[in-house]
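Peer 1: Listed below, chain by chain, are the residues.
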Amino acid sequence: MKTEIKTEKKKNKVMLRQGVRKEVLGLMLLLPALASILLFKYFPIVLGVFETFFKMNIVKLPGEFIGFDNYIRAFTDKQFLGAFLHNAKAFCYSLCMNFWVPIVLAMLVDEARRGKTIFRLLYFIPACAPSIAMTVLWKFFWQPDYGLANYILSIFGIPGQMWLNSESWVYFCIYFPHLVISGGMNLVIYLAALQDVPGELYEAALVDGVGIFNRIRYITIPCIKHIIILMLTLSIINAFNLMENIMILTGGGPSNSTQTMLLYAYQQGVNSMDYSYAMTMTTIIFIVTMTLTVVFNKVTREKD
Amino acid sequence: MMFYHPVRVFFYNLEVTKMKCYNYNIKGQRYRQNIMIFWDVGKRIIMKRGVFMKNSVKRIVALACAVACCMPIIGGCGKQETASGEKITLKLWTKPSQDAKDYQIQIYNRKMAALREKFPNIIFEEGMRASGTDYRQEYDKALMAGTAPAFYTEFSYTDIPGRIANGTVADITKYVADWDLKKEGKVLDTFDDAISADGKWYAVPLKAYTMATLCNIKTIEAAGGNKEDLPKTWEEFAEFGQKATDLSIPRMGYSLIGMDWCAWPFTAWVWSAGGEMVKKNDDGTYKLTFNEEPGVDAAMFMNEMIWKYKMTQKDILLGYNDIVKNVINGSSCFSFLGISNLNQDKLDEYGLKIADFIDIPMPVKDESIERSALAGGEVITFNPTLTEEELKAAFEVVEYLYFSDERMQVDCDEIKEFGLTNVFIPGRVDWYDERLAANEGVTEEQIKALETMRENAKPEPYCDHWSDIKSQLVSPLQKIYLTEGITREEAKALLDECAEKLYSLYPDTFKK
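Residue numbers (this note's numbering), protein chains in the order written: chain A, 1 to 304; chain B, 1001 to 1512.
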């Protein structure tokens, strides 16, 4: 009996040791990736935040300590506050123009009995093209003198517009291409979510004689809600980190009407060599985005 | 047993790395000492198998410490030591880009061979700025990382006052003050005021060029004009531009540079209206004058070119490269460029030659105003983190590469050999005529035109925050250009507002 217990204990010990070994091995395998992330991702962020309290001197880092001066300057800088409003405006446009279209399209494609794959493929192919190249092409499309957009209007006898050169059209022109550039990817994500909705629910609803709108309202949307929330969160993050497209299409113009916070920070850093102020602004952008994301997620979770 | 292998391999690698670092003669003695301590500790922990087996935490701690210590050493392997009396290493950013043509690579290889022969005591670490990146951003990044080149050839002279102020360029007074070539008047002095401050020197000139109105002769002739009778005043310019514009071809009289470039040509247009962008006050500060009558005239003329004469594109979001393309592909008769902005490789795409273009000074508001051109140019700056020894070596290399008779002759020979076009004014100004003559594709007429441009050229105002003036002007200028029927008063109000903003942002530089 005693020998059995001893053997059992020995076995347990060996198993425990093996378990610990495995865990250690796992941790060790994770270590390079973790070290890289900490070193190349978080360390620069922390260093960047640290630099915001200095008037940066490139040659003798970190430079002269100035406390919260950069933050005070940012919060009193009308151009930066204006840029914040441009980001907010960009978010509204993305919400109105880009957010719901892939959902509706995904529902339509999901309903299709035939050719589902072709629809999906056709809509997804443009998403595979490099977005920068697509954006450059769209810039030519909106060209007011010989662009395709005005040519199309002229066929119908409608006078040409200034498009990207017009403060009232510019956001529309920036976000319209996204229907093609990123819409395909979003459609595929929504479609994947829709295919996870249990078919029995729809069958039961059909039996009960529920109409299409109520089916969408009470079955489809609640079932894909988690994906909608995720995509909305990503929209917030994207809208407040908007820069590349703006840089290519308008450079912040016309008359600074599309100058976003990140673009302004970039211009301050590169054109004016005011790196610590640029970093201060990016830190504020990070905090704003983070806060909005957290608040939004909290609100939606509470509602759940 | 399995577990020990990667650990042992790691420490073996560490040993090898350590040896490599010694071989490379790296800096940082303390890192070496630290690594030796951790090496011993780690070795003991690993070799004492029993202890190691019992406490895996120790293993992780030892490994983590070793990794942490190893990183700076591995990072340090790329650095070079400048041992006194021994070979000096200079990092250069002169390598041609990956898409460089064969002749560019050939020229570069020859240049490097000549450098190695001339300076056997210097090791040249060849590199280049990543293509497609902003030159200022890349340089500053490299400077922060300690990987900046010994000297840099891309800064415009207008960048230098700001860089002197923030210490990102080295003081080279010691070398420039006793420079024989300079004393003999052989070094270009156009930018001297911009590259020196308080009696100290911070850069040497690389090249200068002039920009005003570049004319595509073929397009002008197709539009009914002729190169003998090009417009001299705004009135003539507008008249011809209007006549030449035909969107169905498409052909425009003038291509307007937009995006954040738009304040750049505006400077020359203000001059052509008889005004100045800034004026120096007695106390060394500057008065902003772009919002005075000539500035308003210039802005209004731009607006009229778009809306009244319809001789230019409505798209003010075209950048510099778009404009160069427009002039080269013949969709524009004139633009704010210079013949030096053209390169034969691009012209070849459209079957054009450099002789198909000519420079003329800016058309003026009325004939009483002198026609001007804008003098642009790049200078050579030196890395402020170089040691005295390295800085001396770097200056010698620059002196040889860009200012020696030998290299100037090689330049001329290569222009002839490869049929290149290089109409820049070199830093060695006394070689200008000879180099210009080496350009076989450049006609006598063009040489005369370049001479006229040179005589009329004025440098950009190079006051501190000059880049900020240009950045701040983008918004009001775009507003003025794009508003059809804007009044003079409205245009002036926008320029005034911009000036006020600059006064409040930079009170130490700008005063009324």
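In case anyone wonders, no lab produced these hints; they're calculated from the structure.
Bear in mind that the values here come from a model prediction, so they are computed numbers and not experimental data.
Note that CB positions come from ideal geometry on N, CA and C, so glycine has one too.
Some clues are possibly wrong.
Each computed PhoX-like pair below joins lysine-lysine, with the alpha-carbon atoms no more than 20 Å apart [stated by the list, open to error]:
1. Lys78(A) - Lys1501(B)
2. Lys1141(B) - Lys41(A)
3. Lys1353(B) - Lys1101(B)
Over the 12 Å line for every Cβ pair with chain B, so calculated as not near, a few chain A residues [claimed, not checked]:
4. Ile58
5. Lys139
6. Tyr146
7. Met162
8. Ile216
9. Pro222
10. Ile236
11. Asn238
12. Ile248
13. Thr250
14. Gly252
15. Ser255
16. Asn256
17. Tyr275
Peer 1: Is the straight-line distance between the alpha-carbon of Lys78(A) and that of Lys1501(B) 20 Å or less?
Peer 2: Measuring from Cα to Cα gives roughly 11 Å; hence the hint holds.
Peer 1: Tyr146(A): least C-beta distance to chain B exceeds 12 Å?
Peer 2: At roughly 5 Å from the nearest Cβ of chain B, Tyr146(A) sits no farther out than 12 Å, so the non-interface label is violated.
Peer 1: Hint check: Lys1141(B) vs Lys41(A), CA-CA at most 20 Å. Holds or violated?
Peer 2: 17 Å, holds
Peer 1: Beyond 12 Å on every Cβ pair: is that true for Met162(A) relative to chain B?
Peer 2: 6 Å, violated
Peer 1: Are all beta-carbon distances from Thr250(A) to chain B longer than 12 Å?
Peer 2: 6 Å, violated
Peer 1: Against chain B, does Ile248(A) keep a CB gap of more than 12 Å to every residue?
Peer 2: Given a closest Cβ separation of 10 Å, the condition is violated.
Peer 1: Verify that the Cβ of Ile58(A) lies farther than 12 Å from every Cβ atom of chain B, and report whether the claim holds or is violated.
Peer 2: 5 Å, violated
Peer 1: If I take the minimum Cβ distance from Ile216(A) to any residue of chain B, is it greater than 12 Å?
Peer 2: 41 Å, holds
Peer 1: So if I understand the rule, the pair passes when the alpha-carbon distance is 20 Å or less; does Lys1353(B) with Lys1101(B) pass?
Peer 2: Holds, at roughly 18 Å.
Peer 1: Is it correct that the beta-carbon of Tyr275(A) has no partner in chain B closer than or equal to 12 Å?
Peer 2: 7 Å, violated
Peer 1: Run the C-beta distances from Asn238(A) to all of chain B and say if the shortest one exceeds 12 Å.
Peer 2: Check passes; 22 Å lies beyond 12 Å.
Peer 1: The output says Pro222(A) does not contact chain B. Does that hold with a beta carbon cutoff of 12 Å?
Peer 2: The claim holds: Pro222(A) sits with its nearest Cβ about 44 Å from chain B, beyond 12 Å.
Consistency with the previously given hints fails for numbers 4, 5, 6, 7, 12, 13, 14, 15, 16 and 17, ordered from lowest to highest.
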